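*Asks:* One line per chain: the protein sequences are A and B, in this order.
The first sequence lines up with residues 925 to 1267 when you count with our numbering.
The second sequence lines up with residues -5 to 244 when you count with our numbering.
The set of hints was computed from the structure by calculation and includes no laboratory data.
Bear in mind the structure is a predicted one, so any value in this text is a computation, not a measurement.
Treat the hints with care, since some could be wrong.
The following label-pair restraints were derived from C-beta to C-beta distances [unchecked claim]:
#1 A:P1055 with B:R205: 51 to 61 Å
#2 A:R1077 with B:P167: 46 to 56 Å
#3 A:K930 with B:S214: 28 to 38 Å
#4 A:D1003 with B:G131: 44 to 54 Å
So the derived list for chain A, only partly shown, Cβ under 10 Å to chain B, looks like this [as the list claims (entries may be wrong)]:
#5 I964
#6 T968
#7 L969
#8 V986
#9 Q988
#10 L1020
#11 A1025
#12 L1029
#13 V1163
#14 G1253
Calculated lysine to aspartate or glutamate pairs in the DMTMM-like style (CA-CA distance at most 25 Å, straight line) [unchecked claim]:
#15 A:K1213 with A:D1005
#16 A:K1099 with B:E231
#17 A:K1099 with A:D965
#18 B:K28 with A:E1002
#19 A:K1195 with A:E1058
#20 A:K1000 with B:E147
#21 A:K1099 with A:D1122
#22 B:K41 with A:E1002
#23 A:K1000 with A:E984
#24 B:K(-4) with A:E1002
#25 B:K174 with B:E147
#26 B:K41 with A:D1005
#27 B:K41 with A:D1255
#28 A:K1000 with B:E231
#29 A:K1219 with A:D1186
#30 A:K1000 with B:E217
Note that CB positions come from ideal geometry on N, CA and C, so glycine has one too.
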Amino acid sequence: MSDLKKDITILAIESSCDETAASVVVNGRQVLSNVISSQIDIHTLYGGVVPEIASRKHTERVTQVIRQALQEADRKLEDMDAIAVTYGPGLVGPLLIGVSAAKGLSFATGIPLIGVHHIEGHISANYIAEPSLEPPFACLVVSGGHTHLVLVRDYGEYEILGRTQDDAAGEAFDKVAREIGLGYPGGPKIDRASREGDPHAIVFPRGKVAGSRYDFSFSGMKSAVLNYLNTSRMKGISVNVPDVAASFQQAVVDVLVSHAGDAIDQYGLKKFALAGGVAANTALRTGMKEMCGEKGAEFFCPPPILCTDNAAMIGSAAYFEYVKGNFSGLDLNAVPGLRLGQR
Amino acid sequence: MKILAIEASGPVAGCAVLEDGLLIADYNIQYKKKHAQSLVPMMDEVKRMLELDLETVDAIAVAKGPGSFTGLRIGAATAKGAALAMDRPIIPVPTVDSIAYNLYASDSLICPLMDARRQQVYTGIYEWTRSGEGPEGLRFSTVRPQCVIPVSEIAEDLNARGRSVVFLGDGVPVSREALKGLMKVPYAFAPAHLDRQRAAAVAALAWAYYREKGDACMVSADEFRLEYLRLAQAEQEHSERRSFSLLLDK
């Protein structure tokens, strides 16, 4: 990689859910701009992301966001070595906006196109946050749409050790937050409420998946919370919201941390990274850091701005594809169920 | 004046290039609905075939809706990306108008029908009128602007006007039977080469706008907005709930 003569500058676009984002990244590690236009205010009205509304907003904002990313980076489009875009997994309508805009740019400039896997992007956020980080390492990707425990063998080479069998961790946070009246988005709201609560007040089950050491299941935990709320209501017992929030969060964190710890032991890993929107959760960060410390593994976690959906991480992942000569054609389509490692 | 036109609002994916009123490329595909995969490669092929230097293109015309939400957005986002890269404006063209523009100098009223699902069509009524003897005296005009309504409602409107009608568009096959019972004025259907969205019609109508209004027919890539004529379902339900609760408050 070091024998490349010049810097590789990539314009990256991300629109897989409800953030319209664009970024300019040099050599996969240096972020010149990272513009994120969030639609969260609109979707809060509906208690979750509405794909049709998200698609409409992406279409309205996509060129402003790209223009701003180039401006803030003080670069021109013709300075770009590649145009990268998330093409899956995610919501198909939103994905298509970024993909179509990127193809329009690539068609008009002749600059090569690189389709990027959204989860590869999240993992790559760690390369930006810690320029010395190199594979191999394990990474737990936790967000509103994904929960993956991944072994990163090399740049762009992944082995999925475990994934959720039902809800994503962030999704479970959203659902529980709605039930206890905290509202959307659930992750940050539960995080905040938990600080006032006792994580051991109520014992919710730690979901296990039979026959699979690394898979996750969060729907059982969610149901346990709902049952607890119903039972309390029927008995006329008032519910302590911070206690419920803290206890639920503890149950989720315990499962995530114990799976991560098992992976570190089994594969003898020296490095462990967090990624995805839920990686911003305070209790999860603390729990992972402590566990890694006990096991003598180095712990990595990007700052919140790189954990949420953003395009800088897409620009980072795209760089490693660029180096390998992996480019996409102008027939690149959105693939909502794209699997990690699939091309 | 060179216009690159993009159409992806319905079953057709297409692109065309019009240079000072001369159509130098018109490439349309109506095959499954894979605009996400077909549209940009088609544009790229046209570019190659014409040895087109995009620097010489003055504007990008695009169907601005109504139509398939996803199709419209594929066309719009592609056009916006290209317009940003080329630093050129966009000429938005109403989809139903551009379908009607396939028919020239018709004495009948022109009524495009696009299948809008949920028992409705995207439609409108258009005519060619004469205000003078010369070629400039013939004008394409809108009788009823594009809208989304049940086919019975547009039929009723047309019957009241007492003139013959030509129907066209992908809403024809799904409305053909209903029209048999509804229509009380003479009517006909456009033939295959005229009856669908076509990139050339988008380009030609954009060119007509430019001759009439000049730069006023253009917007920047950032400003360009689609016209869906329908709210997202969640917005619809949300506003219904709101008006219901307002009603209860009274």
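*Asks:* Determine for every hint whether it applies to the structure shown.
*Replies:* Here is how each hint holds up against the structure:
1. Taken as a hint, the range 51 to 61 Å holds for the pair A:P1055 and B:R205, whose Cβ atoms sit roughly 57 Å apart.
2. At about 53 Å, the CB distance of A:R1077 to B:P167 agrees with the hint of 46 to 56 Å.
3. A beta carbon spacing of about 33 Å between A:K930 and B:S214 agrees with the range 28 to 38 Å that was offered as a hint.
4. A hinted range of 44 to 54 Å for the beta carbons of A:D1003 and B:G131 is consistent with their spacing of about 52 Å.
5. Residue-level restraint check for A:I964 is violated (minimum Cβ-Cβ distance to chain B is 15 Å; threshold 10 Å).
6. With 10 Å as the threshold, the beta carbon of A:T968 stays out of range of chain B, its nearest partner Cβ sitting at about 12 Å, so the hint is violated.
7. A distance limit of 10 Å between C-beta atoms decides the matter here; for A:L969 the minimum to chain B is near 7 Å, and the interface restraint holds.
8. Taken as an interface hint, A:V986 checks out: its beta carbon lies about 6 Å from the nearest beta carbon of chain B, inside 10 Å.
9. Of the supplied interface hints, the one on A:Q988 holds, with its beta-carbon coming within about 5 Å of a beta-carbon of chain B, less than 10 Å.
10. About 6 Å separates the beta-carbon of A:L1020 from the nearest beta-carbon of chain B, less than 10 Å, and the hint is met.
11. For A:A1025, the shortest C-beta to C-beta distance to chain B is roughly 4 Å, which falls under 10 Å, so the interface hint holds.
12. Of the supplied interface hints, the one on A:L1029 holds, with its beta-carbon coming within about 4 Å of a beta-carbon of chain B, less than 10 Å.
13. Checking A:V1163 against chain B by beta carbon gives a least distance of about 27 Å; that is not within 10 Å, so the hint is violated.
14. The closest approach between the C-beta of A:G1253 and any C-beta of chain B is roughly 7 Å, which is under the 10 Å cut-off, so the hint is satisfied.
15. About 37 Å separates the Cα atoms of A:K1213 and A:D1005, which puts this hinted pair outside 25 Å; it is violated.
16. Between A:K1099 and B:E231, the direct Cα distance comes to roughly 21 Å. Compliance with the 25 Å bound is thereby established for this hinted pair.
17. Restraint check: the Cα-Cα separation between A:K1099 and A:D965 comes to about 18 Å, which is no more than 25 Å; the hinted pair holds.
18. Between B:K28 and A:E1002 the CA atoms are separated by roughly 30 Å; this puts the pair beyond 25 Å, and the hint is violated.
19. For the suggested pair A:K1195 and A:E1058, the alpha carbons sit about 9 Å apart, so the restraint of at most 25 Å is met.
20. Distance restraint check for A:K1000 and B:E147: the Cα-Cα separation of roughly 52 Å exceeds the 25 Å cut-off, and the hinted pair is therefore not satisfied.
21. Under the criterion of a C-alpha separation no larger than 25 Å, the hint pairing A:K1099 with A:D1122 is consistent with the structure, at around 20 Å.
22. For the proposed pair B:K41 and A:E1002, the alpha carbon gap of about 19 Å is at most 25 Å, so the pair holds.
23. A threshold of 25 Å between alpha carbons decides the hint, and for A:K1000 with A:E984 the separation of about 22 Å falls inside it, so the pair holds.
24. A hinted pair counts as satisfied when its Cα atoms are at most 25 Å apart, and B:K(-4) with A:E1002 qualifies at roughly 23 Å.
25. About 14 Å separates the Cα atoms of B:K174 and B:E147, which keeps this hinted pair within 25 Å; it holds.
26. For the given pair, B:K41 sits about 21 Å from A:D1005 by alpha-carbon distance, which is consistent with the 25 Å threshold.
27. Using a Cα cut-off of 25 Å, the hinted pair B:K41 and A:D1255 holds, with the two alpha carbons roughly 15 Å apart.
28. Taken as a hint, the A:K1000 and B:E231 pair is broken in the structure, with Cα atoms around 43 Å apart against an allowance of 25 Å.
29. With a C-alpha separation of about 10 Å, the suggested pairing of A:K1219 with A:D1186 holds against the 25 Å cut-off.
30. Distance check on the hinted pair: A:K1000 and B:E217 sit about 21 Å apart at the alpha-carbon level, within 25 Å; holds.
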